[in-house]
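Q: Read top to bottom, the protein sequences are chains R and P.
Following our numbering, the numbering of the first sequence begins with 1 at its first residue and continues without gaps.
Following our numbering, the numbering of the second sequence begins with 1 at its first residue and continues without gaps.
One thing to keep in mind: the hints can contain errors.
Unchecked claim - To be clear about the criterion: a stretch of chain R counts as covered by chain P if any three or more of its residues have a C-beta under 8 angstroms from a C-beta of chain P, and this derived list gives those stretches: (1) 19-26; (2) 116-124; (3) 166-178; (4) 306-315.
Unchecked claim - Straight-line distance between alpha carbons at most 27 angstroms, and here's what the computed BS3-like set of lysine-lysine pairs gives: (5) Lys-71/P - Lys-289/R; (6) Lys-71/P - Lys-213/R; (7) Lys-49/P - Lys-71/P.
Bear in mind the hints are in silico, worked out from the structure with no lab data behind them.
From a predicted model like this one, the values you see are computed outputs, not experimental measurements.
For every residue, glycine included, the Cβ atom is placed at its ideal position computed from N, Cα and C.
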Amino acid sequence: MSAAASHAAHTSPAGLEDWRGVWIAVELERGRVHPVSWELLGEGRKLAAHLGVPLCAAVVGPDESATADACAEAIFHGADCVYVVRHPVLAHYRTAPFTTALTRLVERYRPEILLLGATTLGRDLAGAVATTLATGLTADCTELRIDGETRSLAATRPTFGGSLLCTIHTLRCRPQMATVRPRVMAMPARDTQRTGRIIPETIALDEDDIVTKVLAFIPDAAAEEAQLAYADIVVAGGRGLGGPANFRLVTDLARVVGGDYGGSRPVAQAGWIGLERQIGQTGKTIRPKLYIAAGISGAVQHRVGVEGADVIVAINSDPDAPIFEFATYGIVGDALRILPALTEALRARSPALAAAD
Amino acid sequence: MHIVVCVKQVPDSAQIRVHPVTNTIMRQGVPAVINPYDLIVLEEALRLKDCLGARITVLSMGPKIAAEALKKCVSYGADEAILITDAVFAGSDTLATSYALASTIRRIAADRPVDMVFCGKQTIDGDTAQVGPGIARRLGFEQLTYVSRIERIDPAAREIVVHRRGEGGVQVLQSRLPCLVTMLEGSNTLRFAGMDDMFRAARYEVLEWNHKAAGIDAPERCGLKGSPTAVKKVFAPPPRAKKAEMIDASAGTPREIADAVLAKLFASRPALEREMTR
Ligand SMILES: Cc1cc2nc3c(=O)[nH]c(=O)nc-3n(C[C@H](O)[C@H](O)[C@H](O)COP(=O)(O)OP(=O)(O)OC[C@H]3O[C@@H](n4cnc5c(N)ncnc54)[C@H](O)[C@@H]3O)c2cc1C
Numbered sequence: 001m002s003a004a005a006s007h008a009a010h011t012s013p014a015g016l017e018d019w020r021g022v023w024i025a026v027e028l029e030r031g032r033v034h035p036v037s038w039e040l041l042g043e044g045r046k047l048a049a050h051l052g053v054p055l056c057a058a059v060v061g062p063d064e065s066a067t068a069d070a071c072a073e074a075i076f077h078g079a080d081c082v083y084v085v086r087h088p089v090l091a092h093y094r095t096a097p098f099t100t101a102l103t104r105l106v107e108r109y110r111p112e113i114l115l116l117g118a119t120t121l122g123r124d125l126a127g128a129v130a131t132t133l134a135t136g137l138t139a140d141c142t143e144l145r146i147d148g149e150t151r152s153l154a155a156t157r158p159t160f161g162g163s164l165l166c167t168i169h170t171l172r173c174r175p176q177m178a179t180v181r182p183r184v185m186a187m188p189a190r191d192t193q194r195t196g197r198i199i200p201e202t203i204a205l206d207e208d209d210i211v212t213k214v215l216a217f218i219p220d221a222a223a224e225e226a227q228l229a230y231a232d233i234v235v236a237g238g239r240g241l242g243g244p245a246n247f248r249l250v251t252d253l254a255r256v257v258g259g260d261y262g263g264s265r266p267v268a269q270a271g272w273i274g275l276e277r278q279i280g281q282t283g284k285t286i287r288p289k290l291y292i293a294a295g296i297s298g299a300v301q302h303r304v305g306v307e308g309a310d311v312i313v314a315i316n317s318d319p320d321a322p323i324f325e326f327a328t329y330g331i332v333g334d335a336l337r338i339l340p341a342l343t344e345a346l347r348a349r350s351p352a353l354a355a356a357d
Numbered sequence: 001m002h003i004v005v006c007v008k009q010v011p012d013s014a015q016i017r018v019h020p021v022t023n024t025i026m027r028q029g030v031p032a033v034i035n036p037y038d039l040i041v042l043e044e045a046l047r048l049k050d051c052l053g054a055r056i057t058v059l060s061m062g063p064k065i066a067a068e069a070l071k072k073c074v075s076y077g078a079d080e081a082i083l084i085t086d087a088v089f090a091g092s093d094t095l096a097t098s099y100a101l102a103s104t105i106r107r108i109a110a111d112r113p114v115d116m117v118f119c120g121k122q123t124i125d126g127d128t129a130q131v132g133p134g135i136a137r138r139l140g141f142e143q144l145t146y147v148s149r150i151e152r153i154d155p156a157a158r159e160i161v162v163h164r165r166g167e168g169g170v171q172v173l174q175s176r177l178p179c180l181v182t183m184l185e186g187s188n189t190l191r192f193a194g195m196d197d198m199f200r201a202a203r204y205e206v207l208e209w210n211h212k213a214a215g216i217d218a219p220e221r222c223g224l225k226g227s228p229t230a231v232k233k234v235f236a237p238p239p240r241a242k243k244a245e246m247i248d249a250s251a252g253t254p255r256e257i258a259d260a261v262l263a264k265l266f267a268s269r270p271a272l273e274r275e276m277t278r
């Protein structure tokens, strides 16, 4: 792989209009597309409409049916066209071949905007691609807009641990790159009637040139693989629960409502729950229909991860807890008593569970 | 083995407050700390030093005061510390930062070849996670991010095996030196500084390099000038329109309170009731 970063993309403002279109890099790994890619297509649609340009997906994957499926799905989720690179070396994510494939596509077609998911894959790839193209990259955006005057991308993201937001522009370089975390943007409707063009691309790749080899993939145990980010109902606990043994009250309620569970950063770090269940700025962003937070103060770093919830029910013994500033319903009380009462009340309302008792 | 560990001095963001009227960051009195993610990779480098006899150079870009952070790293056991500090670096975004750091690492490697570079997974002030990949790319090093464990390093065979956090599982990767590694939290915890190292750190003088000394031949690629991104606006998150509707909890038993909140919830969202009481 080329070591030195090229500086071809450092164009003068005069050349910027050669770069046209909004692109989403679709994250395909082990036969599955990360849903964040579809969320980005939903957001990209708005940007493309504003600019009056096409919305395109870049799919990079092995020469297998999953790759073809990903292309079709990209169109169903809003892409006008899909550029696809199929090659056996792209079966597992590795920085070098994915960077080569995506960089070449961008150099060939010159999109003005390129968005990726802020996953472990997307962040790794975006950093490498932006450096190779010598262009600007804004991480973990929470809002994307087009600036009316300059037609440039205004990317807003939290900074200083979420205490502030800042809006960042990439002025002289293209493409303007940004990453967005899963669940920050809404999932667009899937329309199987939509049609679009699929454009196969050939890019020279060779396993012999790739230094890093994948020896094995150890999938997370089912229990560990928290589908937290995509759960419709999430129950979470914080330090206010007092200790790890009390966390059962949270998991009990989550089970009864058919939801998933998580917690604040201190409880994840203390090992009351797995680190992958931390909710908030440095954990997962969630977007459930209902979020129940027990014994969580509602610090800004927690708040930014849960603001997308439709309804937030907060239980906290302190009437002045910040969480009541943004919850929908607030209960001032002892979570250790309210949580089991909620579990019991819901059990009583559920015909199936009530019958089993 | 020669390992370079990149560290950054950051304001302790847990203590950052925003001025309620002017919306500016109140930095006064906020202590500076070493970015906590950098300490995780420093510890990993120290372990490699323990078992393989590696030499560790810590590197930072920042104002002169950041030398304190580097001295601290020496007290934990780093062998050498270099601070690149120059007005041309002011206002660097991640692309300009990775240019400056990668150029300096090349300069360091001219005296003593570099086998590994460690970077924190991200910083707690910028949170971008972009500088590590940027450095790897510029140096042409293998890029191994989000590593949870270094399973094996064979310096003679130039081979490294790591566990890397992927989506939905862990990749076991075999790669080659030189490489750049960033690591997840929870991978290790930093040791206490030993007496000898503490004494050495107290006397140690951090090398301070300007851009020329760091071997940077294109200062226009550093700082504001070399940064493709520009911050246009900084503002406080807008408050949510409405505060919570409070359920009166003083009156009833926990069960009555639970029923009251469910009644309100289901009255406004009937679909939720169907979903939650299946
Ligand atoms: C860079 C950075 C990133 C961060 N990222 C995250 C993140 O991703 N996610 C996150 O959550 N935090 C994050 N934090 C930490 C965050 O600032 C807060 O410290 C944390 O969210 C507080 O967790 P908590 O609400 O569980 O604990 P506390 O703030 O200690 O709150 C406990 C709450 O429980 C209440 N309580 C006590 N007893 C009871 C009881 N019996 N019943 C009901 N309520 C009770 C108390 O009134 C209090 O409000 C981050 C911080 C920094 C600096």
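Q: Hint by hint, which ones does the structure fall short of?
A: 1, 5, 6
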